[in-house]
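Peer 1: The primary structure of each chain is shown beneath.
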Amino acid sequence: GIQVEQSPPDLILQEGANSTLRCNFSDSVNNLQWFHQNPWGQLINLFYIPSGTKQNGRLSATTVATERYSLLYISSSQTTDSGVYFCAVFKAAGNKLTFGGGTRVLVKP
Amino acid sequence: DSGVTQTPKHLITATGQRVTLRCSPRSGDLSVYWYQQSLDQGLQFLIQYYNGEERAKGNILERFSAQQFPDLHSELNLSSLELGDSALYFCASTKEAGGYEQYFGPGTRLTVT
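Line by line, the protein sequences are chains L and Y. Per our numbering, the first sequence starts with residue 8, numbered consecutively. Per our numbering, the second sequence starts with residue 83, numbered consecutively.
None of these hints come from the bench; they were simulated from the model. Some clues are possibly wrong.
Said to hold, decoys possible - From the derived model, a few chain L residues whose C-beta atoms are all more than 10 Å from chain Y:
{"#": "1", "residue": "40"}
{"#": "2", "residue": "82"}
{"#": "3", "residue": "113"}
Unchecked claim - Derived lysine-lysine pairs resembling DSS-like cross-links, with alpha carbons at most 30 Å apart:
{"#": "4", "chain 1": "L", "residue 1": "115", "chain 2": "Y", "residue 2": "139"}
{"#": "5", "chain 1": "Y", "residue 1": "139", "chain 2": "Y", "residue 2": "177"}
{"#": "6", "chain 1": "L", "residue 1": "98", "chain 2": "Y", "residue 2": "177"}
{"#": "7", "chain 1": "L", "residue 1": "61", "chain 2": "Y", "residue 2": "177"}
{"#": "8", "chain 1": "Y", "residue 1": "91", "chain 2": "Y", "residue 2": "139"}
Please read all numbers here as calculations on a predicted model, not as lab measurements. Even for Gly, the Cβ is constructed at its ideal location relative to N, Cα and C.
So that you can see chain L by itself, here it is in the shape it has in the complex (with noise of 0.2 Å):
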């Protein structure tokens, strides 16, 4: 099945920086999500991103498909972006997400 990787595993963030967690895909999909799971384990919607940039506020995301990664950039950082990211993909073959492994990020005041 399909190969979901992320980077870095974990991450600790002084508030105010900006930083890149990236996941890189190991087959073609038909589309990509970005998740936050907050510290009460609720799974976020974040980025519904096959191919492109998008933005949401301090967050952004590219996902260049032909080259199977994709891109979350948060910047300005706060507390409350602490949490785990979760990159996934789906692949209509196997009409499922499937998960990477997440970026614990920790932001510090």
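Position chain Y against the provided structure of chain L, taking the given hints into account.
Peer 2: Relative to the frame of chain L, chain Y by itself:
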């Protein structure tokens, strides 16, 4: 709030028991997916239903089963529970089957003692 609801939020039960987790999709969504998140396996797909019919199966144990009812809510039944079944169980919904954006419920945290 994603619009997907799951009950109960927490469940503590003993080994060998059976439990039922419930999910109501977003209004208008026809497809429901179930996922399991455990410390050692990460987030894994279990099963998908579309408009009452099973559409895809993932790493779902034979002790687990699911169904989707005519009102489109879904239930995941877990039986003969083992300690290793302790996990966070999520349901997600989409408007159609296929690669549409999936919206996740808040999850049910199951603890098997």
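Peer 1: If a hint holds in the structure, say so; if it doesn't, say that too.
Peer 2: Evaluated hints:
A beta-carbon of chain Y comes within 10 Å of the beta-carbon of residue 40 of chain L; the shortest separation is about 7 Å. Remark: the non-interface label on residue 82 of chain L is consistent with the geometry, its nearest Cβ contact in chain Y lying 23 Å away (cut-off 10 Å). No beta-carbon of chain Y comes within 10 Å of the beta-carbon of residue 113 of chain L; the shortest separation is about 18 Å. A threshold of 30 Å between alpha carbons decides the hint, and for residue 115 of chain L with residue 139 of chain Y the separation of about 41 Å lies outside it, so the pair is violated.
Restraint check for residue 139 of chain Y and residue 177 of chain Y: satisfied, since their Cα atoms lie roughly 19 Å apart, inside the 30 Å limit. Of the pairs offered as hints, the one joining residue 98 of chain L and residue 177 of chain Y holds, with about 17 Å between alpha carbons and a cut-off of 30 Å not exceeded. Between residue 61 of chain L and residue 177 of chain Y the alpha-carbon distance is near 22 Å, which keeps this suggested pair within the 30 Å criterion. Between residue 91 of chain Y and residue 139 of chain Y, the direct Cα distance comes to roughly 24 Å. Compliance with the 30 Å bound is thereby established for this hinted pair.
Going through the hint list in order, the structure does not satisfy hints 1 and 4.
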